[in-house]
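Asker: Per the working numbering, the very first residue in the sequence shown carries number 49; after that it's consecutive.
None of these hints come from the bench; they were simulated from the model.
In this text, a Cβ means the ideal position worked out from N, Cα and C, and glycines have one as well.
One should not assume that every hint holds.
Distance windows between CB atoms, simulated [what the hints assert, rightly or not]:
| # | residue 1 | residue 2 | range |
| --- | --- | --- | --- |
| 1 | S112 | L84 | 37 to 45 Å |
| 2 | I205 | G100 | 19 to 27 Å |
| 3 | D157 | T130 | 16 to 24 Å |
| 4 | G181 | A107 | 42 to 50 Å |
| 5 | L80 | D157 | 55 to 63 Å |
| 6 | G236 | R105 | 27 to 35 Å |
| 7 | P146 | G88 | 55 to 63 Å |
| 8 | T177 | T226 | 21 to 29 Å |
| 9 | V220 | S112 | 16 to 24 Å |
| 10 | L84 | I244 | 43 to 51 Å |
| 11 | L93 | T226 | 30 to 38 Å |
| 12 | A240 | S168 | 22 to 30 Å |
| 13 | L84 | A156 | 46 to 54 Å |
| 14 | A240 | G161 | 26 to 34 Å |
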Amino acid sequence: MLPALGNAREMGRLDMKPTLRPRKRRDAGFTLIDILFVVGLIGVLASMAIPGMMKARGAAQAASALGTLRLVNSAELSFAITCGLGFYSPDLPTLGLPPPGATDAFLADEMTGGATFMRSGYTFGLGGTPHVGAPASCNGLGPGQAAPGYAATADPIDSTDTRFFGTNSDGVIWRHTTTLTLTMPEIGPPPAGSPIQ
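Modelling step: build the complete structure from the supplied sequences, incorporating the hints.
Answerer: Shown next as structure tokens:
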């Protein structure tokens, strides 16, 4: 049996308002501290990884430069054997002209458009001193314009890279910490640098 409601004072306080229960806090989302911690962690990891990535990128570009210089050496040798009668091309555009009856030139078009070309983070150049007694080549180079030797160089575009390369008609590729553009002879070793095996 239910007691009569009677006097509220006698029975204790009787409230008609519902009591509010404390809500449980839901941990949905991130706090500002969480986000700052994650951003800081990413910054620390990035600062540790970037130097390694830059070093790997520089090594890959240097390897590509060596491959390109080997390609230039091969093109010059092919020119001397098939078209230059023992003489070399004095410039890159001449290596871009195919010999009669051939469809392919000694070097690809992207490497023979001018005096220099850029590829994989390096600037390449090729030069040779014409010899008066050189015969005309089969791909249009006139008499006295072919060279008895040549010098090809590769300088990095990035000023922080200290790997400079050069080669000549000897076929040896040389490495130095400064440019070999002005010092690479057309035949024989340069005054500074070390050969790459």
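Asker: For every hint, state whether the structure bears it out.
Answerer: Each hint, compared with the structure:
Taken as a hint, the range 37 to 45 Å holds for the pair S112 and L84, whose Cβ atoms sit roughly 41 Å apart. For the hinted restraint 19 to 27 Å between I205 and G100, the CB-CB distance of approximately 21 Å keeps it satisfied. In this structure, D157 and T130 meet the distance hint of 16 to 24 Å, their C-beta atoms being roughly 19 Å apart. Restraint check, G181 to A107: a C-beta distance of roughly 44 Å satisfies the suggested window 42 to 50 Å.
At about 57 Å, the CB distance of L80 to D157 agrees with the hint of 55 to 63 Å. A beta carbon spacing of about 33 Å between G236 and R105 agrees with the range 27 to 35 Å that was offered as a hint. Distance hint for P146 and G88: a CB-CB separation of about 59 Å, consistent with the stated range 55 to 63 Å. For the pair T177 and T226, the beta carbons lie near 23 Å from each other, so the given range of 21 to 29 Å is met.
At roughly 19 Å, the beta carbons of V220 and S112 sit within the given window of 16 to 24 Å. Evaluation of the 43 to 51 Å hint for L84 and I244 yields a pass: the beta carbon distance comes to about 49 Å. A hinted range of 30 to 38 Å holds for the C-beta pair L93 and T226, which are about 35 Å apart. Between A240 and S168 the CB atoms are about 24 Å apart, so this pair conforms to the stated range of 22 to 30 Å.
A C-beta distance of roughly 52 Å is found between L84 and A156, which places it inside the suggested range of 46 to 54 Å. The given range of 26 to 34 Å is respected by A240 and G161, whose C-beta atoms sit roughly 30 Å from each other.
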